[in-house]
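*Asks:* With chain A's structure known, arrange chains B, C and D on it following the hints.
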Amino acid sequence: MAYSGLRIIKEALTGHKGWRPAWRDPAPKAHYDIVIVGGGGHGLATAFYLAKRYQTAKVAVVEKGWIGGGNVGRNTTIVRSNYLLDGNQPFYNLSLRMWEDLEQELNYNAMVSQRGILNLVHTDAQRDAARRRGNAMILAGDDAELLDTEGVRELYPFLNFENARFPIKGGLLHRRGGTVRHDAVAWGYARGADRLGVDIIQNCEVTDFRIEQGKCLGVETTKGFIGAGKVGVAVAGSSSRVMAKAGMRLPIESHVLQAFVSEGLKPIIPGVITYGAGHFYCSQSDKGGLVFGGDIDMYNTYAQRGNLPVIEDVVESGISLIPALGRVRLLRSWGGIMDMSMDGSPFIDRTQVDGLYFNGGWCYGGFKATPASGLCFAHLLATDTPHEAAQAYRLDRFRTGRMIDEKGQGAQPNLH
Amino acid sequence: MMIDHPLLGLRDAQEFTYLGDASLIDRPDWRSDTAQEEFHDYLYLRDNPAGEHRELWYHEAGDRSWLVVTRNMLTHEITQVELARDVARARGRSK
Amino acid sequence: MTEVNRLDGGQINRAKEVSFTFDGHRYKGYEGDTLASALLANGERLMGRSFKYHRPRGVLTAGSEEPNALVELRKGGRQEPNTRATVIELFDGLEAAPQNAWPSLRFDAMAVNDRFSNFLTAGFYYKTFMWPKAFWEKIYEPIIRKAAGLGSISFEEDPDLYDKGFLHCDLLIIGSGPSGLAAALTAGRSGARVILADEDFRMGGRLNSETLALGDQSGADWAAAAIAELADMPNVRLMSRTTIVGAFDHGTYGAVERVQDHVAVPQEGKPRQIFWRIYSRRALLCAGAMERPIAFADNDRPGVMLASAVRSYLNRWAAAPAQEIAIFTNNDDGHRTAADLIAKGVSVPAVIDVRADAPSVAGTELLAGAEVIGTSGRLGLSSVTVRLANGQTRKVNCGALAVSGGWNPNVHLTCHQRGRPQWDADLAAFVPGTDLPVGMSVAGAAMGQLSTAQALSSGACGAATALEAIGITASAIDLPEAEDAPISLKPFWHVSGGKSRAWVDLQNDVTVKDVKLAHQENFVSVEHLKRYTTLGMATDQGKTSNMLGLAVMAELTGKSIPETGTTIFRPPYTPVAMGTLAGRATGKHFHPTRKTPSHRWAEEQGAVFTEVGDWLRAQWFPKAGETHWRQSVDREVLQTRNSVGVCDVTTLGKIDVQGKDAAAFLNKMYANAFAKLPVGKVRYGLMLREDGIAYDDGTAARFAEDHFVVTTTTANAVLVYRNMEFARQCLFPDMDVQLISTTEAWAQFAVAGPNARKLLQKVVDPEFDLSNEGFPFMACGEVTVAGGCRARLFRISFSGELAYEIAVPTRYGDALVRRLMEAGEEFGVVPYGTEALGVMRIEKGHAAGNELNGTTSALNLGMGRMVSKKKDCIGNTLSEREGMNEEDALKLVGFRPVKSDETISAGAHLMNASGAVNAKVDQGYVTSAAYSPVLESSIGIGFLKNGDARKGEIIRAVNPLAGQEIQVEVVSAHFVDPEGERLRA
Amino acid sequence: MHSLKSITALAASSAQVDSFDGLTIQERADCAFASLAARRGEEAQCAAGAQALLGAELPAPGKGVLGEPYSCFWMGADQWMISAGYAAHETLDSEVKEAVGAAGSVTEQSDGWCRFDLEGARLGDVLERLCNVDLLAMQVGDVSRSRLEHMACFIWCLEPGQKVAIYAPRSSAGSLHHGLVEAAHSVL
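Here the protein sequences line up with chains A, B, C and D, keeping their order. The opening position of the first sequence corresponds to residue 0 in numbering that gives the first Met the number 0, with each subsequent residue numbered one higher. The opening position of the second sequence corresponds to residue 0 in numbering that gives the first Met the number 0, with each subsequent residue numbered one higher. The opening position of the third sequence corresponds to residue 0 in numbering that gives the first Met the number 0, with each subsequent residue numbered one higher. The opening position of the fourth sequence corresponds to residue 0 in numbering that gives the first Met the number 0, with each subsequent residue numbered one higher.
If you're looking for bench data, these hints aren't it; they were derived computationally from the structure. Wrong hints could be hidden among the right ones.
[As the list claims (entries may be wrong)] If you want the ones that stay clear, here's a sample from chain B, every Cβ over 12 Å from chain A, calculated:
id	residue
1	Pro5
2	Leu6
3	Gly8
4	Asp11
5	Pro27
6	Glu54
7	Gln79
8	Leu82
9	Asp85
10	Val86
11	Arg90
12	Gly91
13	Ser93
[To be verified] With a Cα cut of at most 20 Å, we get these calculated DMTMM-like pairs of lysine to aspartate or glutamate:
id	chain 1	residue 1	chain 2	residue 2
14	B	Lys94	D	Glu42
15	C	Lys587	A	Glu311
16	C	Lys343	C	Asp356
Heads up, the beta-carbon is just placed ideally off N, CA and C, and yes, glycines get one too.
For reference, chain A alone in the conformation it holds in the complex (with noise of 0.2 Å):
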């Protein structure tokens, strides 16, 4: 069933009783062509596209729990494209544009807005370095734009620029970043893969793959054997886990990244502020609340919760940056779980398995790339070649030494 206008106003006028589920519920098939494993944005995304661009006929999304429940559920909502290095730029080029026109791609309203992401420098070598990044957007072929102080001071005259321990002397704006609805992310692609036949499975653990002479020929789960002709493993802060049950050891770390929104607010910050010499950024939600973040708690950890210190070391940087928010509450807090990376930089590749597919190391960025992410990653299945936008993205750079580490940071998955 659509969504068109006509049809919100047939429904409003007859009680709204003609809406049906926005997926189904199905039980497992004994086969399919393609498995993922891992109901969130990724492989609900993955599914999508292998149903809608590859003409996959026989799909399956099993999660363990609910759809939507992991990262793509709790996040900032930030979605952007000002990476430096050249694996990334192609990547993260591709899912922005993609964000641009999903609301007609899955007839569902994620609420993209394209309101600006504003990154402030406070030194001249972050300014030199906002150069050399605004440039590389730009000529990637995404917008970036500098701005002295007085650029920001238009933008943003709430900001701290009389009393600042370190003085804002600019920031590097890119107008085309914004923040999406995360949680209709999940449900809009998982809505579209229905629609095309993708059995979408709740509550469906997978325990173990089933590996005959190195080629994975399906997934065991609390819901019995389902065979695949290949498995796609997009499960983020489980990585490690899952693949461990394959026998790989990954250049992955589990830690958590703690979010926060604050109480409701009339208008006030139209854009994402980032601040260049503390620990936060932040936006505000069509709804009212500031949805803000800091660093994560620098601790391995597969609990999704965090602790104190980084709470108050991020409302500390939030209040110097933009001292107006000193009245305004802290609502809640929560804890995502983020597939760290030794370098930062994701991984969309083969396995050593025949049949076995792996998409992770995410970090805290994966929600932006969701659409290009499942692009690539069903592209990847469906043809056993790289997608062309994510050809760095290879679980053996760090044997060959090609590291893609925008923050530079080396392998110290807690830095990036």
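*Replies:* Below, chains B, C and D alone, put in the same frame as chain A:
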């Protein structure tokens, strides 16, 4: 979090800097024929278990000792804290 | 206005009348009132508007769980949006304004939304606003954003102060109702260190709101006596107005103490609120329970309240919500409310009880087996419509309806570490599960022990058990006799069949119908329900609505409530002002400021300072008549290169490395060899990460066989030290090496330029030979200055000139720089700042932070040959990987514009002389650029693919951010004195 | 005697004193410090040499000894900080080095730190707004390192519940002083 420092007792984890898996103590021998492969595995691959994890913490705002903390990654329960130097020696490291 | 609904009695201070305004009207109340109780006493039921439909709303509760009565408190910088009237302590001069209502609370134009509620159902946005594509961001979203949101902020800076603090205790008791007080008495008398915290300004919990007796005292009197005893115990800290907002790992709790929220303006210099970090060995949660509503048609009309809240207003605040109050209940608490009302002389027209077998109540009519199916009244309740047991309907006139749907134990803090509550069928509620935060236990109503007697005994017992676990013995205390009624409740969640909408989440306007629609569209898991309908996501976090939503969904799916799901709660328990979490670490005090030894002197010179990490360093020293920073910097560079300049370089990290294995140790830390460095010499060293990427450089000076002083960059001082300790303790534990930072102990100045030696000879004591032979390039040694002051001298050069660095104990740094300036006057000595320092190092092609950017190897930096293959050092093995040694690897080179008046920008990208300009053909980037007053040209250094082999080639530096594209010549990065003759002079 | 004039960590010619009702904050510029670390395998000789100088055993982890002219506290595994009056012991590092010889590594630390002594009946009330040390649990000479105003500081107990010395990196003396004074204002 609180870390029960073997010398100083319970200290707020905020005083520490975290490094990662305690296997980073086991630095390979540079003279090995397969040194590059071994260093790759040493530096980049992780067990990343959803359970007990031995990991390195540095008491940076404290006594500057490196500790090996055994902590559960699901519950954060800490079951053992050792001086990393003792662990390193026990694992055969010397000069 | 007059206090038409004020009764006798209560725990307000009638001797202290206070005056306040709400929505522009002036009212009076008393000390001890809340804004809500005072408004009710004044006959005001309308206190707010709902989020989506702008429906008129009144107070529902008497506590921090309030979803409706949100106001903007105070004005200007102190304006506080979304503040619950139920917890605002009344003070004289209080000003509160309604929010989310325009033009006024009584007439709100946005209430028109309510007419379109058929369209604005759950999930509405996802299905529409997609056509035409461009309209979402330009038209729809701005309208939605403007209409949404709740309160507003003034945008003025908050003038109040906030503190943070740290507390330690054996037992933290959260909540001071009957269980908390019994626990505190038990623990306090045992001598244990106890903290008793309660969010209310008056301790005692429900004892202050009920008429039940404890022994021969009233509950409130017993509580007051217990609190008085506790206040006298030195080992007990009573913290009222203190909310425990989060339970974190290993017994750490976060608490907000509202120190001065109950006064108009905090005392000068004193904090409004304090954020406490409490380190507890054990914690006992005595947070009580929250009553829950029943959903029925139009149950959101002002006047519809929880029964327990009605009793609180009645008994504690002597305020009747209305003159006639009906009751709607599924349990005996409703009956208790009726009895209390009648005792206070308030008319109770009827008790509507869904239980067919409900016990009768004296003084009012019982409508057993009946349900409320509708309400009426424009801005407040005037009557309810009741469907009687026999199916007939009856209208009951009343100004308020006290509703009780049973109680939910206050399990919030038990969930903060993702513990899951368990279903208790007798209570028809979730109680704490077994996976509590370690060290926490629960007592009283929070554990489902709902009678007062149970609360007292479980509190006392809980404290004793918690203390026993940490080796403290607590004796049993005498507890008073108290009410011990069994639970008598019929689970009942919502009335079906009403004509109008029945509200589940009052603040976010989620109705029973919305839950049904979510179910119809397969949003059946609790997480999906919550996200799709926004149920429980308002400022109250669903404290009064989550359970109801879950129950409705359970009914729809045909599963039991525990099968349908549980909702867990995340920190904070109640919203926390961001100012409180920031404490004093804001503005200029966000980070500590580190000042160099010459800071005061530099200020006197009028220096312009810049932030380098936490350091403030002089950036340049303007002279009279100089109007542009370039004039100052050019002068500093030229004068240094022509004569002599002085720069404070104290900020470089300095690490003292001693021990028999010190040299062997540095050999591991640096990529290049150090073992054979002679005593009295300094060597430049490059440090790699284990992945082969260069991360820091500096020098190591050998003062003795077993003693080195290592310098690091300013930015990496902490990191290098940490890595050295890692190597020392974890990798090479048997090496005899000792480390300590001495960065701050020595004031160090660079003295650079052709006249550097002459100048220093005037300051260093004459017995030390500073001649080129006596103290050659890269020499180091201990000397004395100014007639015997200990000092260290290094002949090293960052500028490329004949240069020294001289260090004295920090306390003499100020004197030394003055002395150097005095002694250098005859040479025209200049102080130079970081800007001139930067220019000179770019002229010399020295790598710094912009080049050591975390992605560059020794090979990239042109130091590939320095990496020793003959020894083990951190990073050498992995630096040999193929991807890091490709033929077209980036190499550090210099650039000069072909047209001498053009400017190279740091951050420009490099493109071949002709052909396309895009990322695919990117040849590298400019890392650092400056105007060289020596070369009278803009210059730059940076990384170029295969740069070594391309010197002399003309390429393009593009800076599309500025629309700039210039031709540059690839040259050596050593622009000035490439042979190094000057520094050896 | 050399002719360079010293300044305090707060860049003044004399030490700063701030008095409150119940607390005095006194800057101390008159202390010399030297760190001592035992050489590997020579811990016993190092301890013996130090004991001869101090007149007391090198303190255990978390502990310290107050004495005249030398005081000492533990700062890390096999590492101690020794202090004495600056006027008489400006080259304290040489004195310590002489005492321990090749058995210990000694480093001049006098000007690496700034020191503020906090004394008074309300010490505990102020300290709990500054850092997480549990003052009630501290005995004479005990030293705890803790974060205070975002800096790693030593808190040295000079008189239980009544008097502590706080050391922080010297370059941040201004920020530390500001924090101490603000906390005292806030409480007292």
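*Asks:* For every hint, state whether the structure bears it out.
*Replies:* Hints and how they fare:
1. Pro5: The assertion about Pro5/B holds, with a minimum of 19 Å to chain A.
2. Leu6: At roughly 21 Å from the nearest Cβ of chain A, Leu6/B sits farther out than 12 Å, so the non-interface label holds.
3. Gly8: 19 Å, holds
4. Asp11: About 8 Å separates Asp11/B from the closest Cβ of chain A, which leaves it inside 12 Å; violated.
5. Pro27: 14 Å, holds
6. Glu54: At about 6 Å from chain A, Glu54/B fails to clear the 12 Å cut-off, so the statement is violated.
7. Gln79: About 16 Å separates Gln79/B from the closest Cβ of chain A, which puts it past 12 Å; holds.
8. Leu82: 19 Å, holds
9. Asp85: 21 Å, holds
10. Val86: 18 Å, holds
11. Arg90: At about 19 Å from chain A, Arg90/B clears the 12 Å cut-off, so the statement holds.
12. Gly91: Check passes; 22 Å lies beyond 12 Å.
13. Ser93: 25 Å, holds
14. Lys94/B - Glu42/D: 18 Å, holds
15. Lys587/C - Glu311/A: This hinted pair holds, its Cα atoms lying about 17 Å apart.
16. Lys343/C - Asp356/C: Distance of about 27 Å is beyond 20 Å: violated.
Hint check: violations occur at hints 4, 6, 16; the rest are consistent with the structure.
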